[in-house]
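Student: Residue numbers (the numbering used here), protein chains in the order written: chain Y, 105 to 342; chain P, -3 to 319.
Misleading hints may appear alongside valid ones.
[Stated by the list, open to error] Pairwise CB distance ranges, derived in the manner of DEER restraints:
id : chain 1 : residue 1 : chain 2 : residue 2 : range
1  : Y       : L311      : P       : A211      : 25 to 31 Å
2  : P       : D290      : Y       : S333      : 21 to 27 Å
3  : P       : P125      : Y       : L311      : 33 to 39 Å
It is worth saying that the hints were derived from the structure and are not from the lab. Ideal placement from N, C-alpha and C gives every residue a C-beta, glycine not left out.
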Amino acid sequence: MIPSTAVNYWPLLGVAIVVAGFALRRNPVLVVIVAGLVSGLAAGFGPGELLALLGTAFIENRALLMFLLTLPAVGLLERYGLRERARDWIAGFRRMNLARFQIAYLAVRQLTSMAGLTHVAGHAQTVRPLAAPMSEAAAERELGPLSPAERDRVRATTAATDNIGLFFGEDVFVAIGAVLLIQGFFARNGIVLEPLTIALWALPTALAAFAIHALRLWLFRRALLRSRSTQAAADAAD
Amino acid sequence: MLRIEYLYALIAALLACTALFNLRERRFAMAAFWVILAAPFALGDTILAAARDGLAWPSQAAGIGVIALGLLAAGGRLGSEPDTAEAAAERRAAARRLGNRLFWPALSIPVLTLALFFGGGHLGWNGRPLLDPKALTLSALAIASLIALGAALRVTRAPPLQALGEGRRLVDALGWAILLPMVLATLGGVFAATGVGEAVAELIGMVIPTGNRIACLLAFAFGMVFFTVIMGNAFAAFPVMMAGIGLPLLIRQHGADPALLGAVGMLTGYCGTLLTPMAANFNIVPAVLLELPDQHAVIRAQIGTALPLLAFNIALMAWLVFR
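Please put together the full structure from these sequences, using the hints given.
Tutor: What follows is the structure, encoded as structure tokens:
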């Protein structure tokens, strides 16, 4: 590619600000807004133009906060013991353990995303009220009460499982954003593709994502059990 | 038709209530934060319509609001009220009393979202659809949440005002983290408008040996990851890397298969999404929702899956894309 002189490199300052801001652990919201302002000014936008761009782009992304409508129901049920009940329920299964529960959740999340049902589950609607307390209960069946550090790792792993199931399921569904974005990009550049051929090529990665993450969930349970048994051995030696 | 804007108005109402609760407790900065955030949800369409008609000041005012939110966020704190032993005992007692009945309202959110997604397209009145067909899943989620709230009130026999209080408790606990997905998407819009993507693609294009197809493939794959990490979104990275490297070098010059390159290239970007705090709604918001002390705990739990999967994707493309 021959570098053209027309490209303005100054807006890259915005990228540098994002990297520096996260590295210095400044408030991310402020970092991002400052980066946007700097990038816009460096590209030669006037202040009025830039404010309008900021305002309209913000409003156009309102859909990201639709999950807030789940919070009154979730909050109320939590106050009346939903998470405690979810724990007790999982603890009643004799053959349940942490890896089995989390791998089952991964499979359900990935399969529903493949059917285009990306909003069926999520961090606000299913992970916090159901999947996280159920994971904790499944872990406690084998380990007894969890230490705060163990509990936090179990919770973080549950959130990660939700993300991985979502990301690597949704691309197999033909009528969703990613596939249509890819098809649209190629169509504008004179390459006509069927959405189905794009979606089919997402399958190998979807299977690999399931295999890798399921293996890690299995190893995670084993690591928790092992650290307990070495701890017990150390306590016994004292 | 139930337009998506009516649902945004409900969100505005929830945010305004949160502001009122904070005002009553004399937490003025938080109250101001929620009021300013409520405005784009209440007035968003009016502002966008004005911008289309060439009237700039409402969207400029919204831009000033975004900056004000950023300043208030920088002074705010995150985290929820500490749990008391009394509250925990109350919850256990309620859980014993209500038993499995607690599950039905909670499960009705996913189940009704599913049902409305499939059946909602057929609901109509006088030949007009009930739900907005362009925003079917989001409308389905919102309506499922409202029905679930009704069911939760019935099961718990709680006064409706308590539901608002509990919703407010969670909104307040999320604090400025709520804003992060929206400002990041906004930054994506600003970066797109200012040509940041083109500049990055130019720089990458200058340093790689374009005659070597594996070098081009690696530049494409790592470019997707890098750009996704910066932007927090593979959708923003895809057109940039495709226009910069994928289309001119891999497809036109080296004969790569566009369907495979497109699909696996996008999923390579998703590996970057697992690694970045910029994908706040997936990586930071859940850390706050689950009350984790480390904001990057979810990312840490994802690294071990993201990196092997990235290697798998690159190997898959190197093996099959040039056939």
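Student: Does each hint hold? Answer for all of them.
Tutor: Status of each hint after checking the structure:
1. A hinted range of 25 to 31 Å holds for the C-beta pair Y:L311 and P:A211, which are about 28 Å apart.
2. Roughly 26 Å separates the CB atoms of P:D290 and Y:S333, a value that falls within the hinted 21 to 27 Å.
3. Judged by the Cβ atoms, the range 33 to 39 Å given for P:P125 and Y:L311 holds: they are separated by roughly 37 Å.
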